[in-house]
Amino acid sequence: MKIAEVSKRYGVSTDTLRYYERIGLLRHVPRNKSGIRDYDVASCNAVEFVKCMRDAGMSIESLVEYMELLEQGDETTAARKELLMRQSGEIRERIVGLERALARLEYKIEHYDEVMKATERTLRAGE
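For the sequence shown, the UniProt record's numbering gives the first residue as 1, with consecutive numbering after it.
Just so you know, nobody snuck in bad clues.
Taking lysine-lysine pairs in the DSSO-like style, the calculated list, with each CA pair at most 27 Å apart, reads:
#1 Lys2 <-> Lys33
#2 Lys81 <-> Lys51
#3 Lys8 <-> Lys33
#4 Lys2 <-> Lys51
#5 Lys8 <-> Lys51
Distance windows between CB atoms, simulated:
#6 Thr76 <-> Arg104: 38 to 48 Å
#7 Lys117 <-> Val41: 55 to 65 Å
#8 Ser34 <-> Thr77: 29 to 39 Å
#9 Glu99 <-> Lys8: 28 to 38 Å
#10 Met85 <-> Arg54: 10 to 20 Å
#11 Met116 <-> Met85: 42 to 52 Å
#12 Glu61 <-> Arg9: 24 to 34 Å
These are computed hints drawn from the structure, not numbers from a lab.
Even glycine gets a Cβ: it sits at the ideal position worked out from N, Cα and C.
The task is simple: from the sequences and hints, build the whole structure.
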């Protein structure tokens, strides 16, 4: 699959894909005889993983560390798990914060509903 197709499929710009490759997030992207990137299933899976982790808020530095650990093989399984567990904890903290923010927004919306109803009653009473 060419870089433009991968870009479209995963919603990642071609410049970002090239950058990810340059810094080591996407390793071993195959190239055809002309030197053009030709993403295979493994490369596409890596793009999907990196995009998911970036969408989850994982830093580039942490992702690079994860991919370096992955390259080192099975002896880094515990370290990779720890890195992902740390990220999971950060996401859970953000979810709690978002839930608080959502509750506050819903409270304010209800408040405005009450204010609008009271205003409507006042206007009707004045007719």
